[in-house]
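Asker: Letter by letter, the chains look like this.
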Amino acid sequence: MSAAVASAPAAAHSGEGRIGLRGNLRHIGALVRRNALQIKQDPESMFDAVLMPIIFTLLFVYVFGGAVGGSLGGDRTVYVNYVIPGLMAMGGLNIAMSVGTGVNDDFNKGVMDRFRTMPIARSSVLIAKLIVESGRMMVSTIILLTVAFLIGFDLKTGPLELLAAIALALAFGASLTWIFMLLGLTLKTPQAVQGMGFLVIMPLQFGSSIFAPPGTMPGWLEAFTKYNPLSQLADAARALLNGEGAVAHPVMITLGWAIVITAVTAPLAVSKFRNKT
Amino acid sequence: MTRIEKNSGGGNAVEVRGLVKHFGDTRAVDGVDLDVKEGTVLGVLGPNGAGKTTLVRCLSTLLTPDAGTATVAGYDVVRQPRQLRRTIGLTGQYASVDEKLSGWENLYMIGRLLDLPRKDARRRADEMLERFSLTEAGKRAAHTYSGGMRRRLDLAASMIGQPSVLYLDEPTTGLDPRTRNEVWDEVKRMVAEGATVLLTTQYMEEAEQLASELTVIDRGKVIAEGRVNELKAKVGGRTLQIRPAEPGELHRMVGAIAQAGLDGIAGATADVEEGLVNVPIVSDEQLTAVIGLLGERGFAIAGIDTHLPSLDEVFLAITGQKTSTPADERDGQADNELQEVAV
Numbered sequence: 001m002s003a004a005v006a007s008a009p010a011a012a013h014s015g016e017g018r019i020g021l022r023g024n025l026r027h028i029g030a031l032v033r034r035n036a037l038q039i040k041q042d043p044e045s046m047f048d049a050v051l052m053p054i055i056f057t058l059l060f061v062y063v064f065g066g067a068v069g070g071s072l073g074g075d076r077t078v079y080v081n082y083v084i085p086g087l088m089a090m091g092g093l094n095i096a097m098s099v100g101t102g103v104n105d106d107f108n109k110g111v112m113d114r115f116r117t118m119p120i121a122r123s124s125v126l127i128a129k130l131i132v133e134s135g136r137m138m139v140s141t142i143i144l145l146t147v148a149f150l151i152g153f154d155l156k157t158g159p160l161e162l163l164a165a166i167a168l169a170l171a172f173g174a175s176l177t178w179i180f181m182l183l184g185l186t187l188k189t190p191q192a193v194q195g196m197g198f199l200v201i202m203p204l205q206f207g208s209s210i211f212a213p214p215g216t217m218p219g220w221l222e223a224f225t226k227y228n229p230l231s232q233l234a235d236a237a238r239a240l241l242n243g244e245g246a247v248a249h250p251v252m253i254t255l256g257w258a259i260v261i262t263a264v265t266a267p268l269a270v271s272k273f274r275n276k277t
Numbered sequence: 001m002t003r004i005e006k007n008s009g010g011g012n013a014v015e016v017r018g019l020v021k022h023f024g025d026t027r028a029v030d031g032v033d034l035d036v037k038e039g040t041v042l043g044v045l046g047p048n049g050a051g052k053t054t055l056v057r058c059l060s061t062l063l064t065p066d067a068g069t070a071t072v073a074g075y076d077v078v079r080q081p082r083q084l085r086r087t088i089g090l091t092g093q094y095a096s097v098d099e100k101l102s103g104w105e106n107l108y109m110i111g112r113l114l115d116l117p118r119k120d121a122r123r124r125a126d127e128m129l130e131r132f133s134l135t136e137a138g139k140r141a142a143h144t145y146s147g148g149m150r151r152r153l154d155l156a157a158s159m160i161g162q163p164s165v166l167y168l169d170e171p172t173t174g175l176d177p178r179t180r181n182e183v184w185d186e187v188k189r190m191v192a193e194g195a196t197v198l199l200t201t202q203y204m205e206e207a208e209q210l211a212s213e214l215t216v217i218d219r220g221k222v223i224a225e226g227r228v229n230e231l232k233a234k235v236g237g238r239t240l241q242i243r244p245a246e247p248g249e250l251h252r253m254v255g256a257i258a259q260a261g262l263d264g265i266a267g268a269t270a271d272v273e274e275g276l277v278n279v280p281i282v283s284d285e286q287l288t289a290v291i292g293l294l295g296e297r298g299f300a301i302a303g304i305d306t307h308l309p310s311l312d313e314v315f316l317a318i319t320g321q322k323t324s325t326p327a328d329e330r331d332g333q334a335d336n337e338l339q340e341v342a343v
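Protein sequences, first through last, are from chains A and B.
If you're matching positions, the first sequence starts at 1 in full-length UniProt numbering and goes up one per residue.
If you're matching positions, the second sequence starts at 1 in full-length UniProt numbering and goes up one per residue.
These aren't lab readings, by the way, just hints derived from the structure by calculation.
Cβ coordinates follow ideal geometry from the N, Cα and C atoms, glycine included.
One or more hints might be untrue.
Claimed, not checked - Within a straight-line C-alpha distance of at most 25 Å, the following computed SDA-like cross-link-like pairs (lysine to any residue) qualify:
1) A:Lys156 to A:Phe56
2) A:Lys109 to B:Phe23
3) A:Lys276 to B:His22
4) A:Lys188 to B:Asp176
5) B:Lys139 to A:Ile39
6) A:Lys276 to B:Asn12
7) B:Lys139 to A:Ala128
8) B:Lys139 to A:Gln41
9) A:Lys109 to B:Asp176
10) A:Lys272 to B:Tyr145
11) A:Lys276 to B:Val272
12) A:Lys109 to B:Leu63
13) A:Lys272 to B:Arg82
14) A:Lys40 to B:Ala137
15) A:Lys276 to B:Thr69
16) B:Lys139 to A:Lys226
17) B:Lys139 to A:Leu37
18) B:Lys119 to A:Ile261
19) A:Lys156 to A:Gln38
20) A:Lys272 to B:Gly24
21) A:Lys276 to B:Asp25
22) A:Lys109 to B:Asn48
23) B:Lys139 to A:Asp113
24) A:Lys109 to B:His22
25) A:Lys276 to B:Arg79
26) A:Lys226 to A:Ile261
27) A:Lys276 to A:Arg18
28) B:Lys188 to B:Asn12
29) A:Lys276 to B:Gly18
30) A:Lys40 to B:Glu38
31) A:Lys276 to B:Arg86
32) A:Lys272 to B:Asp176
33) A:Lys40 to B:Gly147
34) A:Lys109 to B:Thr64
35) A:Lys276 to B:Phe23
36) A:Lys109 to B:Gly24
37) A:Lys188 to A:Ile39
Said to hold, decoys possible - Far from chain A, by Cβ distances over 12 Å, these chain B residues were calculated:
38) Asn48
39) Gln209
40) Thr239
With the hints as constraints, model all of the structure from the sequences given.
Answerer: Structural data, given as structure tokens:
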């Protein structure tokens, strides 16, 4: 050990053991690298991010597109412009759900004990996960948009509006990721997380304006869709990409939801992680 | 920093006083006191469920104790967890490395998390792979490693930050004997280089191999402690083993010792399989007396040896009855056991 002692890291720190911002960023960077390497090692874990947008787009556009497009007063191409902003809203939800099961599996492993006995902020483990998942959402969104343009999606506004819609979907998706990290840390098995996730996701997904305009739904369901944050996100993205309808209102409500969800669930998730035995 | 200096003169690297941790009604750790002197290995010996892992988790800030105090390198486990985490390394019963990452990537990541600059982290990862004979496997994902390689990687990961105190929580549980020896060799090397180690184990042989001092715990309580040899001597004295030159004389030898009625010698037994006469003794005088007697009677002796009881025997002697007593009697029982050991 004699030669190696010279590189002992402890000397670089003040006695209080506080971790500065630079230290935090370095730790998060090392953990992001870990999560990214895991994906590289196990490329199948990207299937959901890559295949889901392709399958959902083709499925909805070609199965329901003609019928719903017709009732929208047009044809399938009208539906493409209706459903793509909706699918952008849904992508984050699907990725976030896979985080729940992944986190549950990952956090039951011995390596988490090592992280928790190391001089790093415990939130950095979760933040690194969030960053990598946001990257996966980004990939998923890019694939979705590529498919969309290939099958005739017509961007009626400009690239700035497109970027704004992507950013909004990512911000909301990131807040959902905190919910599922909390679930993953709270429930005992990945199966439980998945079951619970579906219970929450299915009504939110379909009881929204993502796939079809709520106008023809019964009154109680229409009311539900109105308060469903996914509808707000879908409406906001639709307004941004199609240039019709109010923009500011759904954007503000979506951002509000994202902030509230993050403010409530992020501290709970970190505290769960800190006290996990 | 000043505290560390204060400890460097052969003080205690770990001090635990009255530590209690319960889960619901179960008192997993029930008032444990122990010290680990700097540069030594303390073996914490106990059966499954004795509270060893809970103790280590309390000392590594993974659990908050319910009562009592514990300091590691002068830092309090409850009040100074951040400083404490800089001074410890933990190798658990289950390998705490990321199985999807390669050995090198695991070590590099730990180095970065310990604030080593990139270059140093890379160099250190290479060094540690080399040192733990993992250089060839360094690029492979850890899940392809054998059990022994994984433990070695785990040890390497714990050593990256040169911790002043290393916890080894059942480091060889579930390993085959050859692999176990590999891990022991590594631990011995780290100790020779001055590491302070708190080792938990349920294997007597392991404690005997690695530890200089022992704390025996059962049901969350310390039931015996001391140097390995002291503990053995307290429990059962020694056995004098005599090998007659003529194996046929085993029983005549036993008879001669029994008839002589030497002071304090209760009797002798013949171990026909090994060709040995076993005589329990408690003093050097008795040893001399027995050998003298056999010489007088004209027996030819090929070899003699004295043998301390194994830790298995020690452990049985201390805990034997206790493990079968109902839980509600255990407190009083534990005190009795301690007295017996002390006598």
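Asker: Hint numbers the structure violates, sorted upward?
Answerer: 4, 6, 10, 11, 16, 18, 19, 30, 32
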